[in-house]
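*Asks:* Letter by letter, the chains look like this.
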Amino acid sequence: MPLEGLRGKKALVTGAASGIGDAVRKRLEREGVQVFATDIHQTGDLIVADLTDADQIEKLAAKVGTPDFVINVAGGPVAPSRSNTLPAMPSQSLVLEDIDPLQFAAVIAANLTSAFLVCKEFAPRMKARKSGRIVNFASIAARRGSDRVGVHYAAAKGGVIALTKTLALELGPFGIAVNAIAPGFIATPRIEQSAWGRSSPEAHRAFLDAIPLGRAGKPDDIAGVVAMLCSEAGGYVSGATIDVNGGLYFGP
Amino acid sequence: MKTAVVTGAAKPESIGHEVAVRLQKEGMQVVVLDLYEEGFSSLPGCRCIRCDVSDPSAIESAFASLKELHVLVNCVGGSWEITKDDLRAGPRRGFRGLTNCSLDDWNTIRGANLDSVFYCCRAAAPLLRKQGGAVVNVSSVAARKGIPPGAEGSSGPYAVAKAGVMGLTRQLALELGSAGVRVNCVAPGVIASGRLKKVQAVTAKGAGPEGPLKQIPMGRVGTVAETAALIVALCSDDTAYLTGVTIDVNGASYAA
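So the sequences go chain by chain: A and B.
For the first sequence, this note's numbering begins at 1 and goes up steadily by one.
For the second sequence, this note's numbering begins at 1001 and goes up steadily by one.
It is worth saying that the hints were derived from the structure and are not from the lab.
Yeah, the Cβ is synthetic: ideal placement off N, Cα and C, and Gly gets one too.
Some clues are possibly wrong.
[Said to hold, decoys possible] Pair ranges (Cβ atoms, derived):
{"id": "1", "chain 1": "B", "residue 1": "E1068", "chain 2": "A", "residue 2": "L208", "range": "27 to 35 Å"}
{"id": "2", "chain 1": "A", "residue 1": "F207", "chain 2": "B", "residue 2": "R1092", "range": "36 to 44 Å"}
{"id": "3", "chain 1": "A", "residue 1": "R82", "chain 2": "B", "residue 2": "G1027", "range": "49 to 57 Å"}
{"id": "4", "chain 1": "A", "residue 1": "L208", "chain 2": "B", "residue 2": "E1013", "range": "43 to 51 Å"}
{"id": "5", "chain 1": "B", "residue 1": "P1012", "chain 2": "A", "residue 2": "S200", "range": "57 to 65 Å"}
{"id": "6", "chain 1": "B", "residue 1": "K1025", "chain 2": "A", "residue 2": "K130", "range": "41 to 49 Å"}
{"id": "7", "chain 1": "A", "residue 1": "D45", "chain 2": "B", "residue 2": "K1205", "range": "50 to 58 Å"}
{"id": "8", "chain 1": "B", "residue 1": "R1093", "chain 2": "A", "residue 2": "A62", "range": "40 to 48 Å"}
{"id": "9", "chain 1": "A", "residue 1": "D55", "chain 2": "B", "residue 2": "D1237", "range": "40 to 48 Å"}
{"id": "10", "chain 1": "B", "residue 1": "E1013", "chain 2": "A", "residue 2": "A54", "range": "45 to 53 Å"}
{"id": "11", "chain 1": "A", "residue 1": "T85", "chain 2": "B", "residue 2": "E1013", "range": "47 to 55 Å"}
Using the sequences provided together with the hints, build the complete structure.
*Replies:* Next comes the structure, spelled out in structure tokens:
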């Protein structure tokens, strides 16, 4: 079923080198949206930017101008660095003892500070135009807690939800809707390469059987919800966190 | 051709009406269940059945006439104009909370808003299980935050029944997930429907059924079109990995 209100619009998609960000970029482009795609990881024609650095975001903004949609996908349980822009996922659950203060700060920066800095750069431009949509990325780890990704990632994504609610109140009077998507288990290339849920075929089956829809999510499953939120269907949705997890967690 | 059932679609300028029109435009056979027969002529091409959705036997016979079903949208609801006797009555004046409503109010409002969804989902489940499909229930921001004392046009029993709809959505998502049936919910805030116009015609300017309109951060009420578009999106593959969730559509007036 077609989505109205996307064709001819302009979007910024961060974290667009692979996985969910890549799927969001391609989906919006199929809908006729002009997409400015960025990542810290040099890939194809993407604009390279470290979103924990306000100066680099300012340079990014000089190229992008004023987008109609800002989609903050960038982030992950392991913070990238300039020397390792696409770090592997940890092979096992992270507990408190595994996380040193530097890692904690880096994961908060990659997931929460980046969203703050991108919004701080682009929201004032959208305010002047009195319209726009911002979609931030939270995680099921923040919604129900996680026995795997570690407190740094869960706390950062919890921060993203609070940032989303607060910006919805702040930017609502300017016609800007701000929402978050909280993905569950999505089979991105990085997740597939890790051992998550795959210690044995039986464990993998049990892991998927615990999901009411009986399967892992696909990056396109998330991209569809982003497209929905940017379309006519998302016009009055603001301050919401949408749980996209196959029924694994229903929300508060 | 895919088949959809939409309840509460016959009133003009209602969310259900717009959902029925949009699903039909997508090429679906749309069956409308409603008491408001005058509205049937505004849905050409839909199969309209006069039906009291709070009556389980009426629901059973309506669904018995269906050979297949892919989509069910439960839009019927409200605190007034929900029975055959008050179908054109307009909003009742005054605040109706849980402590001052009549037992009749409680039963009637719960019947139209919660029991109806239960009956329709039960009747639809065997048909939906055959090939998978989508159910969308309509709850309300009232379920999230309650109705403030003094507000007119809504009611305490309505807020409670709509909270029940969210719970029903979760339970059915678990029961139907393995059959490929997704069950989701939308919780609208104040929407510029025909019903809101009727409330505003009798209440103070700026008053809304869920509290003062100026408290909505987005500075406006929602439109029927954007709410219907959201419901239709919940029936489409764009939301193929969503089930059991409630999407709040309230202009940032309540973040769950």
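*Asks:* Each hint: holds or not?
*Replies:* Structure-based check of all given hints:
| no. | hint | in the structure |
| --- | --- | --- |
| 1 | B:E1068 / A:L208: 27 to 35 Å | 28 Å, holds |
| 2 | A:F207 / B:R1092: 36 to 44 Å | 52 Å, violated |
| 3 | A:R82 / B:G1027: 49 to 57 Å | 51 Å, holds |
| 4 | A:L208 / B:E1013: 43 to 51 Å | 44 Å, holds |
| 5 | B:P1012 / A:S200: 57 to 65 Å | 59 Å, holds |
| 6 | B:K1025 / A:K130: 41 to 49 Å | 30 Å, violated |
| 7 | A:D45 / B:K1205: 50 to 58 Å | 54 Å, holds |
| 8 | B:R1093 / A:A62: 40 to 48 Å | 58 Å, violated |
| 9 | A:D55 / B:D1237: 40 to 48 Å | 41 Å, holds |
| 10 | B:E1013 / A:A54: 45 to 53 Å | 47 Å, holds |
| 11 | A:T85 / B:E1013: 47 to 55 Å | 52 Å, holds |
Of the numbered hints given earlier, the model fails hints 2, 6 and 8; all others are met.
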